Amino acid sequence: MATENPNADGFGEVSRVRGILFEYLSFGASVFGLVALGVLLVYVAIDAFDLANASPEWLLTYFLTLVVPFLAFCLYSANDRDVTRRALVALGGGLVAVAVLFSAIEALLVPIPRLNWQLAYLFVVAAPVTAYLAYVGSRGRLGAVGFGLLGRLVGGVAVGLAVGTLFLVLDALLWFLAYTIGVLPAVGLYALGRVRSSPRARTAAAPVGLVGLTAAVFLRDVVATYPSDLIIYLWTIAIPVAAAGAFLVAGRRGRTAGAVVGGVPLAAATAGGFLAAGAGLPAPTVLLAIVLTGVPTAVYVSRVVDGGEGLAGLGLPLLLAAGAIAGALIVEALGVPAPNPWLDASFLTQAPSRTPEQAGLYPAIVGSVIIIAMVAVLSFALGVGTSVFLEEYTPESGALGTLTRILQVNIANLAAVPSVVYGLLGLGLFANLLGLGIGTAVTAALTLSLLILPITIISAQEAIRSVPDDLRRGSDAMGATRWQTTKNVVLPEAMPGILTGTILALGRAIGETAPLIMIGAATTVFRAPDSLFSRFSAMPMQIYTWAGFPQADFRYGVVAAGVITLLIILVGMNGTAILLRNRAERGS
Amino acid sequence: MSNSTTDDSLITTEVQTDSNDGRAAPAAGTAVAARDLDVFYGDEQAIDDVTMEIPEKRVTALIGPSGCGKSTFLRCINRMNDMIEICRVEGDVEFGGKNVYDDDVDPVALRRKIGMVFQKPNPFPKSIRDNVAYGLKIQDFDGDVDARVEESLKGAALWDEVKDQLDSSGLELSGGQQQRLCIARAIAPDPEVILMDEPTSALDPVAASKIEDLIDDLAEEYTVIIVTHNMQQAARISDRTAVFLTGGELVEYDDTAKIFEDPEEQRVEDYITGKFG
Amino acid sequence: MTDSTESPDLTRRGGLTRLKEGTYGGLFAACAAITLLTTAAIFVTLLSDAVVFFRSIPIAEFLTGTNWSPNPAGGGQAFGIIPLLIGTLTVTITAAFISIPIGTLTAIYLSEYATPNARSILKPLLEILAGIPTVVYGYFALVYVTPALKATLFPEMSTFNALAASIMVGIMTIPMVSSISEDAMSAVPDELRQAGYGLGATKFEVSTGIVVPASISGIASSYILAVSRAIGETMIVVVAMGAQARMPEVQQALFGIPFVNPADVLLQSGMTITVAMVQITGGDLTGGTLPYNSMFALGLALFVVTLVMNVISDIIAQRYREEY
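Chains as they are written, first to last, in the working numbering: chain A, 1 to 588; chain B, 1 to 277; chain C, 1 to 324.
So here's chain A without its partners, still in its complex pose:
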């Protein structure tokens, strides 16, 4: 570079090759784990749904009846020429590119096991495009309405089934008494206090409820005759839920609308319940699923109709259902060979078995639901209590400040303790020392609650910290006590964040296996647990057990179906958490 005038030829150029290589390398590293996980998920999905045996005709039929109408709906909702053009180019160009590339690799390099170019197209092009279009479509009014309705239908059924499952172990008769003489009078009194703005009635609500609950415990064995389970669920859950829906709508749209919104799902649920009882199905679960799906759906529909925008979006569930039925009819009529998925209705409703074809996940699902419900209650209560204490009740300096710091460091360290050690704690403390029993649902729930408690606390603290101090000072200046400020201002603002964090932590709990092994959870149970102290299994436990079976049908079939079930539940939970957070962010 040492010429007489170094700038004579401009400034020269510094080589960027290394830098550009490095940028690509670091980008590659960023996506390496995701790509690896993606490939594995594709394979497990192929195995669970037996897609390797799906004929191209079968795939094409459902692509045309189910996927294409859905994509058209999303594009129509997005109403953006640019997006439409790009989607069509991606779908069409992707088809050619994948077919050519895939054939080339198979011909020139190595055969790729259990994949063909149609499946590769499905996973590499069609699935991402569908996800993207669903995202874009959901931002249009039409799509938002459609997805909102779909979410309520799916969520309602899931919640209904979960609540029905809980009553497998909870004492329905005790609940009946507790509701009738404890919960109902307390709620009624509180509502009366609100309407008449009488603080005395509101203050009396809690003691009245407590007395009622205590009385219920004592009366449980005294009362001789009880109504049937179906009537109990109708009275204690279906009617209150329908009434709440009706009340909500009546306030906005008048009494007739309210009566319709509450009454129609209630009538349908009652009819469904009695029909199911006649057909030998679990009637209470059917009743709960219908009412918990129907009422939120009806409220939502009423709100959409009220707004008057995006009404056509309400047709989305119909569109999908019609697509699925049409697909099934065509496949049937043309005699197209259909795959035989491992993950089907019988897998979800049957007990484990030694023969892979009959193996099911039902008792493990029930076990997981029961444990998670208990963990949710425990870790939420403890997490909120602790984080409120740390954020609202303790000063930052002084002796108490030191205590706060110790608590904080302790919580951070607890979060890093290996889960298998929590299992030992559960075994030594809860199962053996406190005598809650080896491998019982209670022991598992307590152990997992402590395991996720640090995560719950840390996220709840973040949520509470994000409430602006202005609001606290405003409330303090009004003469609110510490608790009044916390209850009226801080917690309502922080609640979406707290719930999001709790749900994410529950996602961690639902997949934990090592602590369950340590506390002696059953590797396989053939009946759903019927009490909190019965031996139980859980989904990850069952997956662990099956993964050790030597038969290929278990390894590549049954376990894959179990993994997909677990992952779908996880995605559902995390999706709910993210939706909640996004809504809260938009709200404020």
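Because the hints were derived from the structure by calculation, they are not lab data.
Misleading hints may appear alongside valid ones.
Below, simulated DSS-like cross-link-like pairs (lysine-lysine); rule was C-alpha separation at most 25 Å, straight line [claimed, not checked]:
| hint | chain 1 | residue 1 | chain 2 | residue 2 |
| --- | --- | --- | --- | --- |
| 1 | B | Lys210 | A | Lys487 |
| 2 | B | Lys120 | B | Lys98 |
| 3 | B | Lys120 | B | Lys154 |
| 4 | A | Lys487 | C | Lys20 |
| 5 | B | Lys126 | B | Lys258 |
| 6 | B | Lys163 | B | Lys137 |
| 7 | C | Lys203 | C | Lys123 |
| 8 | A | Lys487 | B | Lys120 |
| 9 | B | Lys137 | B | Lys126 |
| 10 | B | Lys137 | A | Lys487 |
| 11 | B | Lys154 | B | Lys98 |
| 12 | B | Lys154 | B | Lys137 |
| 13 | B | Lys137 | C | Lys20 |
| 14 | B | Lys154 | B | Lys126 |
| 15 | B | Lys210 | B | Lys163 |
Because the structure is a prediction, the values reported are computed rather than measured.
Position chains B and C relative to chain A; hints supplied.
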């Protein structure tokens, strides 16, 4: 409503009015009095031996350069400084003849008798109705809440603008409306004194002038103590003015007209004419 | 407005209000106390059974023994932790070979190269890697990764092996390295970068020559956390690595330097501390037996090691937070 004390020792000299309307002709009682008040943040002194008596049903302005302790003084009156851990208070602040720093005084009970409006509007993320009713709710108010909400919103000159949207969020209002909502919230539990900490500094001039008009009306019923960095504002709306200068020293406290036209202290004159601060 | 003469009542509220305030404060304090109790309970539970164990098996024997067979068929129990340590170290080191370089590069990409849009998509996606249940990773390793490796690179690989398990542990811990390292890199003040560019450095030189050294303590603390997580990982190794506590064969290489063929360790089954604990649960869980107590001794070792690593990582991380 407000309880004036008849404790003779607290009666101030008769207040002269400046350009404000004809109120204050009769002798007014003392709403708040500070005696030998010192405030420290850690080792730093924020208020230096302040003694002053604030007349009731008047607007008293606290002015001075930033960091002079005027906001600190304001926050001593309803003990909001208790929230700051390193803050230490010596001396007395009397409210209705009672030292609010006495051991048997509950700061929460004290704050229920003193309203406060902050620099930045801070309505709660609740409906307009719930915002105004907040103080009533936490005090288990037994009467007609809706009537009181309406009365307070009228008192804050906001009723006509929001009467059709009481159930919409307080955050949907404009900045000036939010501040008036905060004033409505402060007066709903019927306090005796309203503290205002630079209530217009975050607002545009039009919204600020509405608040100024409102403060003038509020003094009919309430004792208003306002911190402001805006000397014109103090001159426009206040009956009495206290000038704090650096170090938390109360340099001069007198009728507003006197302070702005003929201050005793050279330093005050320098400050007011812009030579200092 | 009345001109009443009474003084306002400012005295403390008695009875119900104070009781209510006190009750809530006490409840919250009790919740917080549970977190401290948990730590204490972990210590006491582990220690009490571990002490019983060490009464039968001297600590020295436990720490230096090269044979682990808590439930032998023919008798002759042995509780030597060395083979378990070798298994744990194998997995941890191999996993670190994946998570550390990939995680660091990811952090550099996210902090220095990625557009805000790309970052907002990539960061939550990477968190998914840490959110997949570990039993699922174990299943992947056993059923997909091992056969794939066997078919392509290592035909002599056994069905249960350390390599596939380690790869999955590595992938799982990538987000731990990347997110904490990225936090540290993002905390480097922009002035430092500007100074670098001002001297004519390229983006590559600024990233590797300025940002990385400036955030080195944060990066180091992320490594320690990821390694500590790998040490405590259970399900992946239980499912994919098998449960064979074995000592690798020490060979004599050139000049008589002892040497272990990595393939001997990586392609064969092995046993980590966590696997040993899980294996014992197959027996009696009501307590009182030596294998039962040995679980707690292993748990104590694990707890102490991860706790120490966590504290070290915290101390190092404190330093970078103080720097800026």
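We went through each hint and held it up to the structure:
1. B:Lys210 - A:Lys487: With Cα atoms ~33 Å apart, B:Lys210 and A:Lys487 exceed 25 Å; violated.
2. B:Lys120 - B:Lys98: Roughly 30 Å separates the two Cα atoms, so the pair is violated.
3. B:Lys120 - B:Lys154: Holds - the C-alpha atoms of B:Lys154 and B:Lys120 are around 21 Å apart, at most 25 Å.
4. A:Lys487 - C:Lys20: Satisfied, since the Cα-Cα distance of roughly 13 Å is no more than 25 Å.
5. B:Lys126 - B:Lys258: Violated, because 44 Å separates the two Cα atoms, which is more than 25 Å.
6. B:Lys163 - B:Lys137: Roughly 20 Å between the alpha carbons, so the hint for B:Lys163 and B:Lys137 holds.
7. C:Lys203 - C:Lys123: Holds: C:Lys203 and C:Lys123 sit about 22 Å apart, inside 25 Å.
8. A:Lys487 - B:Lys120: 23 Å, holds
9. B:Lys137 - B:Lys126: 13 Å, holds
10. B:Lys137 - A:Lys487: 12 Å, holds
11. B:Lys154 - B:Lys98: 32 Å, violated
12. B:Lys154 - B:Lys137: Roughly 19 Å between the alpha carbons, so the hint for B:Lys154 and B:Lys137 holds.
13. B:Lys137 - C:Lys20: 16 Å, holds
14. B:Lys154 - B:Lys126: Holds, at about 19 Å.
15. B:Lys210 - B:Lys163: Distance of about 18 Å is within 25 Å: holds.
Hint violations for this structure: numbers 1, 2, 5 and 11, all remaining hints satisfied.
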